[in-house]
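If you read the protein sequences in the order shown, they are chains H and S. First residue of the first sequence: 1, per the numbering used here; consecutive thereafter. First residue of the second sequence: 1001, per the numbering used here; consecutive thereafter.
Bear in mind the hints are in silico, worked out from the structure with no lab data behind them. Treat the hints with caution; some may be incorrect.
[What the hints assert, rightly or not] No more than 27 angstroms apart at the CA atoms, straight line, and that leaves these computed lysine-lysine pairs for DSS-like:
hint	chain 1	residue 1	chain 2	residue 2
1	S	1153	S	1086
2	S	1373	H	218
3	S	1380	H	218
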Amino acid sequence: MSFRLEPRDHASVGLKLTVSLAAGVIALLLVAIPVVAAGGTPLDAYWLMLQGAFGSMFALSETLNRATPLILTGLAAAVAFRAKLWNIGAEGQLYIGALAAVCVGSGLLQLPPALMIPTVMIAGFLAGGLMMVIPTIIKQRFGADEVVITLLLNFVVILFIQMLVEGVLKDPLSMGWPQSVPLIAEAKLPKLLPRLRMHWGLIVGLFAALILWLMVRKTVLGFEIRAVGENKAAARFAGIPVDATMLKVALISGGLAGLAGVGEVAGVKGYLSSDLSPGFGYSGIVVAMLAGLSPVGTVIAAVFVAAVFVGADSMSRATGISSYIADLVVALSLLCVLVGSFFLRFRVKFERRQVGA
Amino acid sequence: MTDAPVLLSLQNITKRFGSLTANNAISLDLHRGEILALLGENGAGKTTLMNILFGHYVQDEGDVRVLADDGALATLPPGSPGAALKAGIGMVHQHFTLAENLSGLANIRLGTEPLLSFGREAAARAKVKKIIAESGLDVDLDRRVADLTVGEKQRIEILKALYRDAKVLILDEPTAVLTPQEAEGLFVVLRRLASNGLGVIFISHKLGEVLAVSHRILVLRAGTKAGELVTAKADRRAIADLMVGKAVAEVIRIPALPGETLMEFDGVSLHGAGRQMLSGVNLKLRSGEIVGLAGVSGNGQSGIAALISGLAVPSSGTLRLYGEAVTKASPRDLVEAGVARMPEDRQHDGVVGTMSVADNIAIEDVRTPAFSKMGFLDRKAMRERATSAISGYDVRCPGPDAEARLLSGGNVQKLILARVLEREPRVILANQPTRGLDVGAQAEVHRRILAARDRGAAVLVISEDLDELFALADRFVVVHAGELADAGSSESLDRGTIGLMMAGQARTPVGIAS
Chain H
1 MSFRLEPRDH ASVGLKLTVS LAAGVIALLL VAIPVVAAGG TPLDAYWLML
51 QGAFGSMFAL SETLNRATPL ILTGLAAAVA FRAKLWNIGA EGQLYIGALA
101 AVCVGSGLLQ LPPALMIPTV MIAGFLAGGL MMVIPTIIKQ RFGADEVVIT
151 LLLNFVVILF IQMLVEGVLK DPLSMGWPQS VPLIAEAKLP KLLPRLRMHW
201 GLIVGLFAAL ILWLMVRKTV LGFEIRAVGE NKAAARFAGI PVDATMLKVA
251 LISGGLAGLA GVGEVAGVKG YLSSDLSPGF GYSGIVVAML AGLSPVGTVI
301 AAVFVAAVFV GADSMSRATG ISSYIADLVV ALSLLCVLVG SFFLRFRVKF
351 ERRQVGA
Chain S
1001 MTDAPVLLSL QNITKRFGSL TANNAISLDL HRGEILALLG ENGAGKTTLM
1051 NILFGHYVQD EGDVRVLADD GALATLPPGS PGAALKAGIG MVHQHFTLAE
1101 NLSGLANIRL GTEPLLSFGR EAAARAKVKK IIAESGLDVD LDRRVADLTV
1151 GEKQRIEILK ALYRDAKVLI LDEPTAVLTP QEAEGLFVVL RRLASNGLGV
1201 IFISHKLGEV LAVSHRILVL RAGTKAGELV TAKADRRAIA DLMVGKAVAE
1251 VIRIPALPGE TLMEFDGVSL HGAGRQMLSG VNLKLRSGEI VGLAGVSGNG
1301 QSGIAALISG LAVPSSGTLR LYGEAVTKAS PRDLVEAGVA RMPEDRQHDG
1351 VVGTMSVADN IAIEDVRTPA FSKMGFLDRK AMRERATSAI SGYDVRCPGP
1401 DAEARLLSGG NVQKLILARV LEREPRVILA NQPTRGLDVG AQAEVHRRIL
1451 AARDRGAAVL VISEDLDELF ALADRFVVVH AGELADAGSS ESLDRGTIGL
1501 MMAGQARTPV GIAS
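So that you can see chain H by itself, here it is in the shape it has in the complex:
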C-alpha cells in the first residue's frame, strides 16, 4: 500500500468547512495532553474556557473587547499577505496609530465628538499606514526585505514610545507611572453597553471587514491587488501599476493596524503606555492565517483567538492550570489549519503498488 498526491482543481465550500472543523477538533485533542499532564480533566477545562469566554454578558463583552484589535490587525495582515506584501510590523503600526491618536486627541484640537472621533481615527490610520508605506518604498527602491524592516521597526517603535511616555508626553498627574497624557473626553470611543468594556472600535472593525470584503470582491482595486499578489510579472505585463498598487496595499494594511491602536487608546485605556498591546500585531498574523486571509473569516478567527485567551484566563483561575494553555490552543490550531490547507490543495490517493515479475 502506498499513497500519492494529486493537485485539486478547486476545493468545495463543504470540504473547507470540514477541514477547518477537523483542525479545531484535532487541536483540542492535542491540547488535552498537557491539560492531563497538569492534573486537569480536559472536558472540564474546555467547558470552563467556554464559560469564561461566552458564559455571561460580562464574559462575552471581555471576549469581544479582546477581539476588537485582533480583527483590525488580522485584516491588516490579511490584506497585505494577499498582495504578497509581508507586513510583520502591525505591532509597531498599532503603537504609531495610538501615538497619533494621543497627539491629536489630548487637547491639541477641541471639537465635538462627532468630529473629534473621526479626526483621531484618520490620524491613527494615516500614521499607521505611513509606517508601512515607508518600508514598502524602501523595498521597491533598494530591494530591501520588508519582513526584516517591518519586524525590526516594531522594536524601534516601542522604544520610541517608551522614550515619549517617560519624556515629553508623560502625564504629570500619573504619579510617576510611564504613561502619556490622557485623551480628552470628546476623543474617546463610546462604550457599546453601560458598565461593559466593549466599545465602538468593534463596530469599526466589523465595518472595515465589510469594506475589505467589498473591495476584494467587487472593485478594480481588489482585482489589481489580487493580480499583483498572485503573479506580479503578468500584472505588470498587463499594465497594472505594480508599485502603486503595492503602496495602496501598504497604506491600507498599516492603516488598519493603526486603527487597532486608536481603538485601544480611545476605547479602552484612555492614554498611551508602552504596554498597550500584549502582541496584538503578531496575533493578527495568526488570525489572518487561521482565516485563510478572508476578511469575513478574519472576524470569526479573531473572536476565536480572543475567546481562547479570555476563556483560558478564567479557566486558569478556577483550576490552577496555567493560562499559557491558551497559547498552545492557538498555536496548535494554526498548525492544524496549515496542515489542513494541504488537503485543500491536494487529494491523497491510496493505491496498491505491484512490483512486476
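Got chain H; can you put chain S on it based on the hints?
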C-alpha cells in the same frame, strides 16, 4: 535495424491523472543503434511517458524493461530515477540541469563520485576525452558553464549522460534553443552515437527535424499511440494528419500590401541588467506587413519585445508610435493606443494562473468603462466577453470561471489572442506565438495573425522556429548580439542565409558567394 537487440521496452504503459488518461496502454521497443522519434502535439503524452520511463512518475499499469548485463530484459522498479540511471537511461531535459558556476568537467562528474574524491579528476577527464573522441561532442571542459553557448551546454548535458554509461539517451525537444546549423551539428552527433550502438529517443513536435534525424517515428495523440512508421517511407503530410487526427487545413496567405509606418525604432539602444541589450536598432513596422524577427535566443529579442510591450523605454534613440516618441514605459498607455502584445513566456507573463479565464481576458482593460464603473467591476460584462471569447477563439476550458492555470499552453495562447485581438489592434507583437503549441493550434494562431495583417495591422513576429517565420513573415530582420540586420523580403531568402546571419556572419559575403 530491427534485427538489433532490444535495449528498452515499454509495455502497455497506462497513466491516469484524475479523469485524464495521459498515457493509454502505450508500448514501444527501442533497438540498439536506433534513433526513435517520439512525435506528438503538446499534451499528447510524450513528456508523461518519458517521465515514467525515467522514474519521475509511477505508472498505473504496465512495465518498463531494460536490457540487463546478462542479456535479458529486466523490469525497472517504478518511480525510481536512481534505478533508471543505473540501468543506463540518460535524459537531457529541455531546460538544462547544470550548475552554472562550475566547469563543464565538474558538471559531468557531479553526483557520480563520493564526496571525498581526490585524484580522480585525471581518470574522469580521460574518460570524457574518450567519449568526445568517439562522439564528436567537442567542447571546452574547463570553462565555466555560464560562459558556454546554449549549444555547448547541451553537449555537456549529453556528455553527462554518456559519462554514466547510458545505453539509452532521451532528448526532450533538444533543438528548441539551437540555430539551424547547431541543430544540424546535433543530428550528426546523434547519428554517430547511434552507429556506436546507443539507443536514442528524440522528443519533438517539429516534423522537419524528426524526418531529418530519426530511423523510426512513433506518433502519440491524446495519450494513445496513433501510429508507428519507418522514417524512410514516411510522408510529411501523413504524419501531420496522424498527429492531429484530422486533416490540417493549410494556412493560405495573400501577398502583403504594406502601408504607412505605424511603429519605428530609430537608432534605439537599450541597457538592461547591467549590459547592452540593443545597440542602434532601426526597424519600421508598416501597416499590412508581417516582419519576422529571427535570431538565436538571448541576442536582443527580449529587449525589442520589452520596448514594444511598454516595459522599457530606449536608453538612447527614439521609439515612435504613429510618429510620436514613446517616452514613458507604460503597458497600459500602449494597450490603449492599440498595441497588442503576446508575451514570450505566456504562462509566466501572460496570465495570472489563480484568477479566472474571465479575469484574465479583462485584465488589460479592467480600468476602462467596458469592464468597470466608478471603480467597481462590471462582472456581467466580463463574463459576457469571456463567454464570447471562449467560443470565438475556441478556448477549451470548463467555463469563464475556471482558473487559468487549468488551461493547456495552447488554450492559454488562444485566451491571450482573444484578449489582444478583440480590440482590433493596429500594432501586434507576437513573441514566440506558437511555442509549444500543437499543429492544429499553430495553424489557428497563424490564421489569426494573417487576418490581422490583412485588416491593416503592423505585425512583428519573434520566433525561434524558422518554419513559422517563413510561413508568416513578409520581410525578415535578424538580431545578433543586440544589433539588427535587415535580411529583406522573405521570397529572396533561404534558411541557410538566415542561419548564417543568426550566427553573426554578414549577409553580403553570402550574397556574393551564392
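inquiry  = Between the alpha carbons of residue 1153 (chain S) and residue 1086 (chain S), is the straight-line distance 27 angstroms or under?
reply    = It holds: about 23 angstroms lies between the C-alpha atoms, which stays within 27 angstroms.
Straight-line alpha-carbon gap residue 1380 (chain S) to residue 218 (chain H), limit 27 angstroms = Holds, at roughly 11 angstroms.
ask   = Between residue 1373 (chain S) and residue 218 (chain H), is the straight-line Cα distance small enough, at 27 angstroms or below?
value = Satisfied, since the Cα-Cα distance of roughly 11 angstroms is no more than 27 angstroms.
Comparing the model with each earlier hint shows no violations; every hint is respected.
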